[in-house]
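K.L.:
Work the whole structure out from these sequences, hints included.
So the protein sequences, as listed, match chains A and B.
1 is the number of the first residue of the first sequence in this note's numbering; add one for each residue after it.
1 is the number of the first residue of the second sequence in this note's numbering; add one for each residue after it.
Keep in mind the hints are simulated off the structure, nothing from the lab.
The model shown is predicted, which means the values in this text are computed figures rather than measured ones.
One or more hints might be untrue.
[As the list claims (entries may be wrong)] Derived list of chain A stretches under chain B, where covered just means 3 residues or more per stretch with a C-beta under 8 Å from a C-beta of chain B:
(1) 79-92
(2) 329-336
[Claimed, not checked] Restricting the straight-line Cα-Cα distance to at most 25 Å, the calculated cross-link-like pairs of lysine-lysine (DSS-like) are:
(3) Lys31/B x Lys15/B
(4) Lys72/A x Lys100/A
(5) Lys31/B x Lys72/A
(6) Lys72/A x Lys108/B
(7) Lys72/A x Lys22/B
(8) Lys72/A x Lys26/B
Note that beta-carbon positions come from the ideal geometry of N, C-alpha and C, so glycine has one too.
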Amino acid sequence: MWTGDTMITNPNAYDLIVAILNAIGVYNIILGFFQAQGMEYVLRIIIVLVEVVVVVVFALVTVMFLSWLERKMFAVVQSRYGPMVTGPRGLFQPIADGIKLLGKEDIIPATADRWIFTLAPFIVFVSVLLVFIPLPFGESLILSDLRVGLLYIIAISAITPVSILLAGWASNNKYSLMGAIRAVAQDISYTIPLAITAIAVVVFVGSLSTVDIVNAQQGYWFGVIPKWFIFLQPLGFILFLIACIAEMGRIPFDFQESEQELVAGFFTEYSGMKFAMFFLAEYAHLFAVSGIIVTIFLGGWTGPAIPLIPIQITSLVYFVIKTYAVIFFAMWLRDTVPRVRIDQLLYLGWKIMIPLALLNLLFAAFVVTAGVI
Amino acid sequence: MAWISKNWTMIGIIKGLIVTMKHILKIGNRKTVTVQYPYERMKVAPRFRGRHAVDEDACIGCGICETTCPNSTIQIVKYGTRWFPEFNLGMCLFCGLCVDACPMNALKMTGEYELADYTRESLIYGPERILFKKEVSK
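P.N.:
Pasting the structure below:
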């Protein structure tokens, strides 16, 4: 079953850009120009920079759309309109919010630890953006196919509680510190079932690479049911979804910013651009985590091929549709349920989800060892 | 064995999800209740107590409204050749006692409620702003 230990590298976005340039017929001209001056590496750096810019712009646009979508859905559930004035159906509301936040005074509390206070929002934002690197948006639409992609994602997600704790501690505010401590307790207790359920999938695939995980889910059982891991591991999917929602800090597990108890949690003291960084990170994290759920359990970018359209485009469309379905579920859940208590949260995490995740792993290992699949 | 008594089927959450989904898909009578205020306004109730208005022909300037007002909002001032009440709406509590006390039924309260202003002086509504002429029906 061990198929991951090969040196075959799957095509990534770098190769795709080179292929597109080749198709236009300008790649060799550009390469020759740079080679003539002995600076071939400059071309590589430029192509990587283009990828980075595309990812950052994509993240920003997604964040703006998601914040609009969330407000709109919340409003519809509560029999309201939501943002209506700026643009069609209030679609440009996030832009207005962003301009407002940019214009706000950047307040640093007098007793705050200035350096850490300034650094924390950037750590959060960068750690969320880094999750996008091994995320397969489509066939060969991946920044870098790391052979330890899933491990990398879990490791990068573990940076977030550190930066949240930094933010809460540096604010020198009791509400910030309470929110930060809660967030760290929550993130640590839910990363464990998250990792164990992910390992159960890895046992099936035999590789940590996200592209290999997606490739393993291609095809159909009995010609009808797609070979997604959600059908193989329904319990694992539910556990992973709950753990992801808890790790994102969304309702019903939004202890890091529970508005009724702590003012705004760990970013109580933040304003202006730094608050905007936290806001961006929150919604970028929502998209990234939904993308991970789709990649691991919902077949990633796989889907029926459509003739005459290149697979890069169709796979991207499938991926975005599935991701938005997961995001829709997270928002739907947020509109529906209230917050659980902090002791219930830890009870659920340690006493229920970790044993169930271990049971799920045992099941997966048994199935694979017995050679059923 | 406390975990046995927990509701593992999560029926409550699923019921709630169905209710919110009905809202999202607008199934049943789930109209949007928001009134988009600056663009559309709600109809004011007929007995709403807004800004005052004084019937120019009926008012005799007797000053009973002035003595009745609990907040000394009203002052009788000379306007042209006659005496009329002047309302300092910054002090008015819109109780309507002046309307009850008027012997000539000259005072009434309109449905106008957008009375916010920039200065305290502009909140003093003199006779030039509150007088109205009743249309005489013949």
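K.L.:
Please go over all the hints and tell whether each is borne out by the structure.
P.N.:
Okay, the hints, checked on the actual structure:
{"no.": "1", "hint": "79-92", "result": "holds (count 4)"}
{"no.": "2", "hint": "329-336", "result": "holds (count 4)"}
{"no.": "3", "hint": "Lys31/B x Lys15/B", "result": "21 Å, holds"}
{"no.": "4", "hint": "Lys72/A x Lys100/A", "result": "20 Å, holds"}
{"no.": "5", "hint": "Lys31/B x Lys72/A", "result": "15 Å, holds"}
{"no.": "6", "hint": "Lys72/A x Lys108/B", "result": "43 Å, violated"}
{"no.": "7", "hint": "Lys72/A x Lys22/B", "result": "15 Å, holds"}
{"no.": "8", "hint": "Lys72/A x Lys26/B", "result": "14 Å, holds"}
Figure legend: structure checked against the earlier numbered hints; the only hint not met is number 6.
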